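Visitor: Sequence:
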Amino acid sequence: MNQEQIKEKYLPIGGYVLFLAAGLLIFFSAAFLVVFVRTKSTAKIIVPDLVGKSYPEVHNELGRLQLKVRLETKRYPDQTDGIILYQSIRPGREIEAGSKIVLTVNNGLDRLVVPDVRGQSIDSARANLQKVLSGDTYVDLQIGGITYIEPEGDQLPNTVIDQIPEPGKNATAREKVFLLVTKAPSKTKEEFSPTSFQGASFPLVQKSLTRSGVKSRVEEVVQTRVRSENGLVQSARLEGEEIRFKVYYFEPELSVESGYELFSYEIGDNGDYKAVLKSETKQETDVLTLPVPFKDGEKFQTVFYRKGNVKLTLLDSADSKIKSKSYESEL
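Here UniProt numbering is used: position 204 in the sequence shown is 204, and no number is missing along the way.
Hints are not guaranteed to be accurate.
To be verified - Simulated crosslink set (DSS-like; lysine-lysine; CA at most 27 Å straight-line): (1) Lys-321 x Lys-299; (2) Lys-278 x Lys-325; (3) Lys-169 x Lys-189; (4) Lys-295 x Lys-215; (5) Lys-183 x Lys-215; (6) Lys-189 x Lys-176; (7) Lys-307 x Lys-295; (8) Lys-215 x Lys-169; (9) Lys-321 x Lys-215.
As the list claims (entries may be wrong) - Derived CB-CB ranges, DEER-like: (10) Ser-186 x Glu-330: 43 to 49 Å; (11) Glu-328 x Asp-154: 30 to 36 Å; (12) Glu-251 x Gln-155: 34 to 40 Å.
Note that these hints are calculated values from the structure, not bench results. For clarity, every value in this text was computed on a predicted model and none was experimentally measured. For each residue, glycine too, the CB sits at the ideal point set by N, CA and C.
Use the sequences and the hints to build the structure in full.
Guide: Rendered as structure tokens:
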């Protein structure tokens, strides 16, 4: 057979084979995609043993496993507050990602809602904090410290203008309340004392110093494992015109609706820097620190108290943004 005859004989067969091969390729590709999607959507996980563990410690792990958690509480005062007592799915069981699990968490302490003592005299605030309703009984909510600040505008002396924790926060009877109180008039000039700030809430101290025009910085963040030390001043010293602090910081397991937060950034150029804080619930921006000189390579760091979702912005001497960071609740 010549070349033309070969083409006429085998060309139709080749086209049919090519068509069949293309069809099979499409079929197997579609089948593979179906199997892949089904396998991906029904990923399996092994349920961990959660009983006896603290819920805040396992919160992130449960999120990684894509488990949908519903919390219930029981009260056993003799057991650790916050530990998981029961789980609805037994440990070791294989389930699909995205499954629901019910955890029963111990509510071992007296729970209460932090009262609002802002606008009250310090004496009235003391009295009200000594009688806070917790369930069917009244408990004494201790004052952890009082920081004094210069009055502004029509603010009266010896009046509470801010507090940590904030009003309405769910807390326990072990919580301590730190107060920011306006100063009474004085004829004598106050002298700096390194011990006067020890144990005070640093954000309130910094707020007082900023209003008074006193420069300050956190020269060292002291990591602590004691939750009650979080955000408190360990020590303070006077360096030229600045007061330099060492401040305790407790790294939280997860960010709740409010709490102490840490900001740290390595400065790239010599100059003056300050930090401002913007909350989603407030129109005005709060100035956390007055401009303080930093050198290239030094760390600008501060510990502040977050209420809700906020953004901290580091500014240079021209009020240009150098760095910003958002802080949000993980609940």
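Visitor: All the hints need checking, so say for each whether the structure fits it.
Guide: Going through the hints against the structure:
no., hint, verdict
1, Lys-321 x Lys-299, "16 Å, holds"
2, Lys-278 x Lys-325, "11 Å, holds"
3, Lys-169 x Lys-189, "37 Å, violated"
4, Lys-295 x Lys-215, "16 Å, holds"
5, Lys-183 x Lys-215, "19 Å, holds"
6, Lys-189 x Lys-176, "30 Å, violated"
7, Lys-307 x Lys-295, "31 Å, violated"
8, Lys-215 x Lys-169, "31 Å, violated"
9, Lys-321 x Lys-215, "20 Å, holds"
10, Ser-186 x Glu-330: 43 to 49 Å, "44 Å, holds"
11, Glu-328 x Asp-154: 30 to 36 Å, "35 Å, holds"
12, Glu-251 x Gln-155: 34 to 40 Å, "35 Å, holds"
Hint compliance for this structure: hints 3, 6, 7, 8 are broken, all remaining hints hold.
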